[in-house]
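Undergrad: Given next are the chains, with one letter for each unit.
There are 2 protein chains.
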Amino acid sequence: MNFTERLHDVQRKNNSLLCIGLDTDSRKLPPSLARYENPVLEFNKRIIEATRDLVCAYKINLAFYEAESDLGIGTLRPTLRLIPRDILSIGDAKRGDIGNSSARYAHEMLEVLNFDSSTVNPYMGTDSVEPFLTWPEKGTFILAVTSNPGAKDFQYLPVKGKPLYEHVVRKVKKWNVRNNCGLVVGATRPKELQRVRSIVPDMPLLIPGVGSQGGDLAATIRYGCNKRGYLAVINASRSVIYASSKEDFAEAARKEALALRDEINRLREKYF
Amino acid sequence: MNFTERLHDVQRKNNSLLCIGLDTDSRKLPPSLARYENPVLEFNKRIIEATRDLVCAYKINLAFYEAESDLGIGTLRPTLRLIPRDILSIGDAKRGDIGNSSARYAHEMLEVLNFDSSTVNPYMGTDSVEPFLTWPEKGTFILAVTSNPGAKDFQYLPVKGKPLYEHVVRKVKKWNVRNNCGLVVGATRPKELQRVRSIVPDMPLLIPGVGSQGGDLAATIRYGCNKRGYLAVINASRSVIYASSKEDFAEAARKEALALRDEINRLREKYF
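Top line first, the protein sequences correspond to chains A and B.
Once you know that position 256 of the first sequence is 256 in this note's numbering, the rest is easy, because the numbers rise by one and skip nothing.
Once you know that position 100 of the second sequence is 1100 in this note's numbering, the rest is easy, because the numbers rise by one and skip nothing.
Honestly, I wouldn't trust all of these hints.
As the list claims (entries may be wrong) - FRET-style restraints, in silico, Cβ to Cβ:
1. Asn1015/B with Arg170/A: 20 to 30 Å
2. Asn1015/B with Ile199/A: 14 to 24 Å
3. Ser244/A with Glu1130/B: 23 to 33 Å
4. Gly1214/B with Ser198/A: 56 to 66 Å
Said to hold, decoys possible - As a list, the in silico PhoX-like pairs of lysine-lysine whose alpha-carbon atoms are at most 25 Å apart:
5. Lys1028/B with Lys162/A
6. Lys174/A with Lys1171/B
7. Lys162/A with Lys1152/B
8. Lys227/A with Lys255/A
9. Lys1227/B with Lys152/A
These are calculated hints, taken from the structure and not from any lab test.
Built from N, CA and C at the ideal position, the CB exists for glycine as well.
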């Protein structure tokens, strides 16, 4: 089964497009976790246990783990083991390098750490992305239109009458011979989301920016899904995992995730 | 002292623009190193000892360390400690993410691992790069024109009559308020190097692609240096560290590095 089929399958089975971002920052944990040997791991464990029936995927941003250095990297693997087998993992690392170096990153992300998918930066072109596309069952989400303010600096620059990001999208469409490519499009960019979806009607789209970053959920569902209401992966990180800064953080995360999943499904029923 | 001054200083003191890339691949080590607890670290130690008087910097590509997972990350720090204090370290990680995540990467690279500088991908724009520019004495090399074939996919696309990479260069020029920005321009791109240098006459340029990738050394020196023959960081990785695959690898690396440094200096005398 290729990655696109795998994603469709889990979204259908779990009836959820929701992805929770485990951007766990050791400085933001409830004080009671300090007594655990690895507070970040304990936090992740409780978040996953409280939300695993509500999601299609968990996204792990490596920035938050590498910043903890040895301990952080040591937290990655056990966190990955806590994710149920039928839920997809996304290693959000935004890597990309010349071919022989990218091959090492791809090996790390998709073989050593064994993520189901990872994010990649397109700036260095074909040979920087190709090593990630080796395995049909493993996905690669390439940055197209990101959710942050800086997206406007380069991604929107006009190239032959079209914004740069559209050239990225069209290139990724060519790369997608194994049906394992996806794109990252921010929820803060509804018009661009609509445009991207029109170019790649059945490609997985990873859509961050709902929640803390203020993306428009209705537009995200309407324009981000394929024609049958699937293949948009709606990511929320901080708004879910830090829904409460107190002892009830896991329950609060569940409540927030449940509300978000249900609102997504309500919108799917409305539009599809 | 800001990063640009630091680089100029070490290049003058060591009379060298050469940077050696420690892209150490555990699969390519001489068999005799297998008896060491950490063969990659032993390899790096011998390469550094054999070449430390010939370089201005060592570049460490994190792809090769992360691919070894826990062991690799554990090799990074002791390798960094082996680099003499007066020689600059470049963490070649090509990171970049939304502001709060990039702040974590910057913290990791420039504070936790304590690299003197790192490489960053510009695709996500200002807020993805800014966290790296916090410390005047620490450098950030932003990808402009990379040395790999895929560079042509996006970096050369025409935007308002100029290639995309030129827009990146002009943006970096604006970011450079603390004199700690640099650019990455491949040695395989002499025309573009000349163009970039004309826009940023006194910015550090990290120039990979000499050696295994076949870049033109004479053109690299002529167009890559500032007007006084400094601030180009000429990186060679595989051609130096794998000059011999046998027991004499350190001597062979020294011989190769010495020849390269001397050829660079001969060309500097010719052109400046």
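Undergrad: Enumerate the violated hints, using their earlier numbering and listing them in ascending order.
TA: 1, 2, 4, 5, 6, 8 and 9
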